[in-house]
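K.L.:
Here's the letter readout for the chains.
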Amino acid sequence: MLRRFCHIVLLVSLLSWSPQLKAAQEPREYQVKAAYLYNFAKFITWPETAFSDKKAPLVIGVLGKNEFNGYLEPLTSKTVRNRPIVVKHFKSIEDVSACQILYLSSSENKQLKTHLKKLSVQAIVTLSDERNFAKQGGIIQFTPVRGRLRFIINLEKAKAVGMKIDSQLLSLAIELLETKK
Amino acid sequence: MLSSVKTSKFISVLLVLFCLSISDSSAGQDVLDLDLSSLMQIQITSAGRKAQNLADVPAAVYVIDQADISNSGVTSIPEALRMVPGLQVARISSSKWAITSRGFNGTFANKLLVQIDGRSVYTPSYSGVYWDVQNVVLEDVERIEVIRGPGATLWGANAVNGIINIITKQSSDTPGGLVSVISGNQEKLMATARYGTQFNGDTYGRFYINRHDQDSYEFLEDKTDAYDDWDTTSGGFRLDGDVGLNDSWTFQGDYYRNNENQRNDTYWVQTSLLPLEVEDSVDAEGFNLLARWTHKYSDSNSWTLQSYYDDYQREEIYIQQDHQILDIDFQHRLQPIPRHDVIWGLGYRLIKDKFGNTSQISFSPEKNTNKIVNAFVQDEIKLSTDQLLLTLGSKFERNDYTGTEIQPSVRLLWKPTGKHSLWTAVSQAVRTPSRAEDTGLITVGMIELPPPYPPGIIVPAQVSRNNDLNAEKLLAYEAGYRFSADKNFVVDMALYYNSYENLITYQQTATGFQFYNGLEGDTYGFEINAEWKPTEWLTSELSYSYIHLNIDIAPTVDSSFAVVAEKSNPEHQFSVRSNIDLGHDLHLNLWGRYVDNVDAATSTALISNIEVDSYFELDSNIIWKPLEGLEFMLAGQNLLNRQHLEFVQEQFTSPIEIGRSVYAKLTWKF
Numbered sequence: 000m001l002r003r004f005c006h007i008v009l010l011v012s013l014l015s016w017s018p019q020l021k022a023a024q025e026p027r028e029y030q031v032k033a034a035y036l037y038n039f040a041k042f043i044t045w046p047e048t049a050f051s052d053k054k055a056p057l058v059i060g061v062l063g064k065n066e067f068n069g070y071l072e073p074l075t076s077k078t079v080r081n082r083p084i085v086v087k088h089f090k091s092i093e094d095v096s097a098c099q100i101l102y103l104s105s106s107e108n109k110q111l112k113t114h115l116k117k118l119s120v121q122a123i124v125t126l127s128d129e130r131n132f133a134k135q136g137g138i139i140q141f142t143p144v145r146g147r148l149r150f151i152i153n154l155e156k157a158k159a160v161g162m163k164i165d166s167q168l169l170s171l172a173i174e175l176l177e178t179k180k
Numbered sequence: 000m001l002s003s004v005k006t007s008k009f010i011s012v013l014l015v016l017f018c019l020s021i022s023d024s025s026a027g028q029d030v031l032d033l034d035l036s037s038l039m040q041i042q043i044t045s046a047g048r049k050a051q052n053l054a055d056v057p058a059a060v061y062v063i064d065q066a067d068i069s070n071s072g073v074t075s076i077p078e079a080l081r082m083v084p085g086l087q088v089a090r091i092s093s094s095k096w097a098i099t100s101r102g103f104n105g106t107f108a109n110k111l112l113v114q115i116d117g118r119s120v121y122t123p124s125y126s127g128v129y130w131d132v133q134n135v136v137l138e139d140v141e142r143i144e145v146i147r148g149p150g151a152t153l154w155g156a157n158a159v160n161g162i163i164n165i166i167t168k169q170s171s172d173t174p175g176g177l178v179s180v181i182s183g184n185q186e187k188l189m190a191t192a193r194y195g196t197q198f199n200g201d202t203y204g205r206f207y208i209n210r211h212d213q214d215s216y217e218f219l220e221d222k223t224d225a226y227d228d229w230d231t232t233s234g235g236f237r238l239d240g241d242v243g244l245n246d247s248w249t250f251q252g253d254y255y256r257n258n259e260n261q262r263n264d265t266y267w268v269q270t271s272l273l274p275l276e277v278e279d280s281v282d283a284e285g286f287n288l289l290a291r292w293t294h295k296y297s298d299s300n301s302w303t304l305q306s307y308y309d310d311y312q313r314e315e316i317y318i319q320q321d322h323q324i325l326d327i328d329f330q331h332r333l334q335p336i337p338r339h340d341v342i343w344g345l346g347y348r349l350i351k352d353k354f355g356n357t358s359q360i361s362f363s364p365e366k367n368t369n370k371i372v373n374a375f376v377q378d379e380i381k382l383s384t385d386q387l388l389l390t391l392g393s394k395f396e397r398n399d400y401t402g403t404e405i406q407p408s409v410r411l412l413w414k415p416t417g418k419h420s421l422w423t424a425v426s427q428a429v430r431t432p433s434r435a436e437d438t439g440l441i442t443v444g445m446i447e448l449p450p451p452y453p454p455g456i457i458v459p460a461q462v463s464r465n466n467d468l469n470a471e472k473l474l475a476y477e478a479g480y481r482f483s484a485d486k487n488f489v490v491d492m493a494l495y496y497n498s499y500e501n502l503i504t505y506q507q508t509a510t511g512f513q514f515y516n517g518l519e520g521d522t523y524g525f526e527i528n529a530e531w532k533p534t535e536w537l538t539s540e541l542s543y544s545y546i547h548l549n550i551d552i553a554p555t556v557d558s559s560f561a562v563v564a565e566k567s568n569p570e571h572q573f574s575v576r577s578n579i580d581l582g583h584d585l586h587l588n589l590w591g592r593y594v595d596n597v598d599a600a601t602s603t604a605l606i607s608n609i610e611v612d613s614y615f616e617l618d619s620n621i622i623w624k625p626l627e628g629l630e631f632m633l634a635g636q637n638l639l640n641r642q643h644l645e646f647v648q649e650q651f652t653s654p655i656e657i658g659r660s661v662y663a664k665l666t667w668k669f
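Residue numbers (numbering that gives the first Met the number 0), protein chains in the order written: chain A, 0 to 180; chain B, 0 to 669.
It is worth saying that the hints were derived from the structure and are not from the lab. Fair warning: there could be bad hints in the mix.
To be verified - Just some of the chain A residues that point at chain B, by a computed CB distance under 7 Å:
(1) Glu28
(2) Tyr37
(3) Asn38
(4) Pro73
(5) Phe141
(6) Arg145
(7) Arg147
(8) Val160
(9) Ile164
What the hints assert, rightly or not - Below, simulated EDC-like cross-link-like pairs (lysine to aspartate or glutamate); rule was C-alpha separation at most 16 Å, straight line:
(10) B:Lys566 to B:Glu535
(11) B:Lys353 to B:Asp385
(12) A:Lys77 to B:Asp32
(13) B:Lys486 to B:Glu535
(14) B:Lys370 to B:Glu314
(15) A:Lys41 to B:Asp34
(16) B:Lys418 to B:Asp485
(17) A:Lys41 to B:Asp32
(18) A:Lys77 to B:Asp29
(19) A:Lys77 to B:Asp34
Bear in mind that the values here come from a model prediction, so they are computed numbers and not experimental data. Quick reminder that beta carbons are idealized off the backbone N, C-alpha and C, glycines included.
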């Protein structure tokens with residue numbers, strides 16, 4: 000009986016010598032982040048001065064090492080309030096040109112403070128995963144909770160640069176930073 | 000005859016499975032089109048990852064993860080534990096197991112601490128674990144952490160030779176439904192249904208029900224039905240939630256009810272020198288509730304408060320037991336000064352018991368309340384370089400049996416490079432006497448009184464209580480080495496020398512026997528485990544363990560009778576497991592084991608002279624995943640022998656052989 004069993008096992012192994020590898024089907028972290036960026040664009044209203052004209056595109060920028068692996072590019076086929084979406088990658092803070100949303104990659108974590116200082120007067124939704132990013136003056140901080148991606152909004156800072164955030168988005172934030180009245 | 004029919008069935012199903020091929024159904028759902036609340040529910044890190052970097056633990060640790068469990072085809076926690084190098088797992092009958100770490104195996108192997116989600120399941124009456132009532136939905140297990148060697152500094156008394164921590168997934172990691180059904184010759188039916196959901200943004204929950212019916216095996220002697228079939232029904236829930244970013248909580252509970260048959264062939268009555276044979280049915284029932292709150296100040300500073308209530312009854316012909324246990328634990332981890340990672344805690348446990356005495360086993364007093372109070376502190380210090388880690392700690396425990404016990408340990412870890420780590424440890428641990436040893440009276444036979452008494456006067460030979468017992472003491476010396484060439488090749492080995500004092504045995508008295516701290520001795524051994532993933536489609540794991548026990552009667556004991564269980568453990572054990580991805584959504588798993596011979600422990604063996612032979616066994620299964628969430632498995636366990644003996648119980652039941660098992664399983668996740 001054992002011999003027969005081994006025989007079959009061997010047979011099955013030999014016949015199916017085709018290691019077909021399948022990548023996990025579950026969405027990856029950056030795929031979810033890209034979807035978040037798109038949703039943020041829908042729920043945030045920028046001051047008119049943030050765009051050069053009424054037809055100017057909405058620019059989503061990534062500063063530093065690009066970890067999105069092409070997950071952002073599909074966004075360019077979509078529009079937000081009639082504005083086309085453009086995705087730009089910036090190598091350093093000096094390259095950052097007009098954009099409305101800027102994701103600061105983990106490669107920038109050590110210089111966050113100086114980056115935020117430079118960007119502070121512009122109406123840019125800054126985003127990062129770094130702990131205390133929102134406290135340091137970033138607008139939206141991604142934070143993992145129980146293996147899911149959630150976010151913290153620094154509402155005070157957003158208001159200060161003239162951005163309006165829809166109450167629906169605010170209600171889903173895990174934490175809101177604003178000065179107590 | 001029967002087996003060959005089954006085998007050919009098994010083979011034909013294998014072939015059918017192989018010939019079928021269903022095209023891959025990649026659910027191409029566009030994440031970009033999801034709304035915010037849906038995005039918030041997507042898991043970006045998958046559960047079941049090994050929690051801690053094992054290379055940094057200065058102890059012999061092994062982790063069984065969810066993939067190990069689902070690939071192995073095991074249907075219970077005790078069977079899963081066979082994967083752990085250095086553990087001795089022996090099935091006594093359909094519903095009973097003898098499991099220990101590093102020696103001293105027995106039905107009530109008493110030097111091992113077992114916890115399920117932080118709840119101790121070690122029964123204080125006999126100091127053992129009733130494995131038949133430890134129901135956990137295997138699909139919901141995140142991991143089983145096994146520490147061989149003493150862990151008393153953190154976990155307390157009875158964590159002498161090892162600790163098993165069974166950790167279930169947080170309910171946030173088990174969304175959706177799961178239905179699984181198993182049916183086979185030995186596994187008559189195992190059906191599980193679980194449903195997990197998110198109640199609101201911050202609260203998750205899951206609920207389960209489970210039913211498991213297992214068939215009987217056969218007696219070694221005459222191959223008749225061993226009358227050990229049984230069933231267990233259980234249900235439970237787990238809720239997890241967050242309050243803000245820094246507080247989280249868990250509330251969980253389980254209920255079970257078991258009906259088990261057993262044939263008790265050492266039932267003594269005072270009219271006969273020979274035992275009677277009785278058919279008994281065991282009725283076990285219990286529930287537990289556990290609540291835990293964790294507050295995080297930062298990643299390195301947090302506290303946890305946990306409390307549980309455990310209530311269980313067990314009724315069998317020779318004893319009826321009733322326990323209520325309340326436990327409260329507090330733990331705080333902090334870094335008071337740089338380079339020091341301190342963890343300290345306080346614990347309190349109240350155990351209320353009640354026994355229904357019989358002429359076989361009785362307790363005096365019948366009802367009792369015991370309490371255990373403990374405190375512990377451990378400091379993990381980074382020495383001059385970050386490569387050297389010193390861990391100092393001790394537990395202080397006060398119990399009602401032996402007073403205060405101190406259990407210190409010193410551990411040193413050296414990690415010269417990321418690939419190599421070496422550790423060594425010296426620790427002391429104790430096992431406090433059980434309720435049975437302290438207050439019990441156990442009938443082990445009948446004897447006719449010798450002259451000058453007239454012939455025909457039969458009295459019970461009994462092992463009686465001793466309330467002057469000391470705790471069993473262990474002084475353990477350990478060392479280990481880990482090498483990880485890369486992710487695909489990891490070797491972990493451990494060496495130990497354990498020195499025991501005050502081991503509890505029986506000594507002869509004028510009226511029978513008495514529990515007594517009459518044995519001492521040492522054990523030494525070696526365990527090695529290697530994980531190898533040569534290609535993407537093959538994963539294999541090899542382990543070997545060696546143990547040697549030298550147990551002697553203490554010079555202070557004046558006795559011609561002592562139970563010495565030097566060969567209660569297999570000296571050599573091998574295990575090889577392979578997982579092969581065959582493509583076409585098929586996976587093949589093979590698991591071979593070799594277990595060396597052991598002596599049948601104690602009295603039964605003295606009479607019948609039975610030895611448990613060494614054995615080879617093979618488990619194998621094939622898994623087919625035709626669609627996302629749907630899985631079929633055909634599994635065979637103990638395929639090499641129609642049946643084999645693994646252990647002989649010390650009392651009550653004749654040796655039972657463990658038979659071959661073949662089953663089919665369907666799992667549907669939605």
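K.L.:
It remains to establish, for every hint, whether it holds in the given structure.
P.N.:
Against the structure, the hints come out as follows:
Hint on A:Glu28 holds. Least Cβ distance to chain B is approximately 4 Å, under the 7 Å limit. Interface restraint check: A:Tyr37 against chain B, minimum CB-CB distance 6 Å, threshold 7 Å, status holds. Proximity of A:Asn38 to chain B holds as hinted, the smallest CB-CB distance being about 5 Å (cut-off 7 Å). Interface hint status for A:Pro73: upheld, as the beta-carbon distance to the closest one in chain B is roughly 6 Å, under 7 Å.
This hint is violated: A:Phe141 has a C-beta 10 Å from the nearest C-beta of chain B, more than the 7 Å allowed. About 4 Å separates the beta-carbon of A:Arg145 from the nearest beta-carbon of chain B, less than 7 Å, and the hint is met. Because the closest C-beta pair between A:Arg147 and chain B is about 6 Å apart, less than 7 Å, the hint holds. Given the 7 Å rule on beta carbons, the hint for A:Val160 is violated: about 22 Å separates it from the nearest Cβ of chain B.
Proximity of A:Ile164 to chain B is violated relative to the hint, the smallest CB-CB distance being about 12 Å (cut-off 7 Å). For the given pair, B:Lys566 sits about 42 Å from B:Glu535 by alpha-carbon distance, which is inconsistent with the 16 Å threshold. The hinted pair formed by B:Lys353 and B:Asp385 fails the criterion: a straight-line CA distance of about 53 Å is larger than 16 Å. For the proposed pair A:Lys77 and B:Asp32, the alpha carbon gap of about 10 Å is at most 16 Å, so the pair holds.
The hinted pair formed by B:Lys486 and B:Glu535 meets the criterion: a straight-line CA distance of about 12 Å does not exceed 16 Å. Only pairs whose Cα atoms come within 16 Å are accepted, and B:Lys370 paired with B:Glu314 is rejected, the gap being roughly 24 Å. A distance of roughly 10 Å separates the Cα atoms of A:Lys41 and B:Asp34; the hinted pair therefore holds under the 16 Å criterion. A hinted pair counts as satisfied when its Cα atoms are at most 16 Å apart, and B:Lys418 with B:Asp485 qualifies at roughly 8 Å.
Of the supplied pair hints, the one linking A:Lys41 and B:Asp32 holds, its CA atoms being roughly 12 Å apart against a limit of 16 Å. For a cut-off of 16 Å, the pair hint linking A:Lys77 to B:Asp29 stands: about 13 Å separates their Cα positions. Under the criterion of a C-alpha separation no larger than 16 Å, the hint pairing A:Lys77 with B:Asp34 is consistent with the structure, at around 15 Å.
Violated hints, listed in ascending order, are 5, 8, 9, 10, 11, 14; each of the other numbered hints is respected by the structure.
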